[in-house]
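Asker: Sequence:
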Amino acid sequence: MEQKLSRRRMLLSAGAAAGAVALVPNAATALPSPAGSPPAGAAVPGRRSAALVIHNARVFTGARGEGVREAVAVGRDGRVLATGSDRELRRYAGRDTELVDARKGTVMSGIVDGHAHPVAAGAATLNPSLGYLELTVPRLRELLRGFLADPAHGGEPDGWLVVADWNPVGLLPAGTVPHRTILDALPTRRPIALLGTDGHNSWVNGRALELAGITATTPDPPGGEIERDADGAATGLLKEEAQGLVHRLLPDHPIGKVVEATARALQQAAAQGVTGFLDASADEWHLDVYTELARTGRLPQRISAALRLDAHEIRDPREGLRWLRETRRRYADVPRLDLRTAKVFVDGVMEYPARTAALLEPYFDGSGRPTDHRGELQLEPDDFARLAVLLDTEGWQIHAHAIGDRAVRVALDGYEAAHRAGGRRGNRHTITHLQLVHPTDVRRFARLGVVASMQLQWAMRDTWTVDALLPYIGPERHRRLFPARSLERHGALLAGGSDWPVDPLGVWNQIRTAVDREGADSDGPLHPEREGIRRTSALRMHTAGAAHQLRADHRTGTLVPGRAADLVLLDRDITRVPVPEISGTEVRLTLVGGVPVYEAGTAAGKAARARTAAATARRPAGTDRHRACGGCTRKG
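Going by this note's numbering, the first residue of the sequence shown is number 213, and it counts up by one from there.
To be clear, the hints were calculated from the coordinates, so they are not data collected in a lab.
None of these values were measured; they are calculated from a predicted model.
One or more of the hints may lead you astray.
Stated by the list, open to error - The list that follows gives simulated cross-link-like pairs (lysine to aspartate or glutamate, EDC-like), each with its CA atoms no further than 16 Å apart:
no.	residue 1	residue 2
1	Lys316	Glu688
2	Lys316	Asp298
3	Lys469	Glu504
Using the sequences and the hints given, assemble the complete structure.
Answerer: In structure tokens form, the structure reads like this:
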């Protein structure tokens, strides 16, 4: 009688011809038998048969001191049973064990993304998009006229036109400044808001300013700036917290649509091998989306959420703590959702037009002369220190956005205050982005147990961002941008993150760029001899490192017995291919807890792969790569 295949086996086998996973239905011929071993399918005393064995692989366990293995066995409880040679793992193959021939591709822990905005990534697809492009003013107006004519995007006279993926550094010719009059020339009375890809800048027209009540006498809100003409009138460019004056007026998409869009976004992430996320700036709206996805069985990844504290809650940390506790209590029973982290913004971003990252030494002007501008802190250092002490005592982790070296120092000082007050409690406080760190602060990360969360896909030369910074920060600081190797050399634990959707999600190019500081889409390498890291370090920071950051390393991040089988099977040996080839890596299979959440050969897998390919297509020069997470939440 023909052996009947399980549903999972049929799904995986269906993609074999397309380069997907091929499962072997007869265990007897799949693996070599060690001398004296029982026949295929026989019970082995003291051993459980595996649900799945992936063999003929290059298994990168991620555990320090362990070499590359050939096979991995997954138990029926969704955990890793063993790794080893093909012969050694033959003993786990029972009659109903599913066998996958990896064809020498790498098997490794799934990617843990330690800084992203998955709900924002989904929601952004519901607005018309400018596609991160650099645009002349006539071309920008042409696109906006098309959006205005589409009834799906609202109507006259009062319907908001909200446009995503505006590139704040992409107006052509170079030096063109965003101004309300450019938008006011459009044939409409409607309020218009262009949302910057960086999350730190928004550009609005005169009608939007009017509805928001922004006049020449409106004061800048704490942590924000209303850009003004020489006569004091608002130009329409809103930076940092000033965006909230308009964002609070923007219509929300129905949560049902956001749920569907986020489900698609998470499938796209699964197709790239992501098995866990930190949602790096969340409130109840985001948590409601995750709750509905979990309820309907459509939450493929494990999610940790960093609950964003606003300026008032930072100044009054006990009020912030009350909100954190109550929010965690409300969502305590949502599967795969973990709430133990608070998000705090210490500064903004370094690039034009914001230049709100807080620096120890002033920015230069375009001619290389020092100015009196050092950027802005979004909080008072003493307030942050008090917050850090309180939250550390209560067992909360802090995830602090810090771009400039002054902001990084403020965050480290706050964590040191918590350390002095209560000792090292193991909360694994984190500083994220770390575009510029003063050399004297590099050693403090390891001493304080602070995790360095970095988005190293930006550590490459780019005409419009990294290269454009050179005249404003000078060559000495420019050479120290994104100091990954320096931090690692001095004992800091590195954790990888994408900041998706600031960039389209591109996991494998991100890992490649951490190594060669060039990536697949750049204008050249960015000091790889100073700050490029080893391939194994890049792989670990995006798996074990980020799992450590999320306090999930007891469960995931390495392929060792007892850990959850959160793993990926790749189409190549990522541990040995030339570094530039890492960027083109494709995922054949993604498991979370031993269950497939992406299979390359299925219809759903092909659809997710197509969306991934479209989203990660090479973008034109000038695409914005600002570090960002502001604007991803609108907690009232």
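Asker: Of the hints given before, which are not true for this structure?
Answerer: 1
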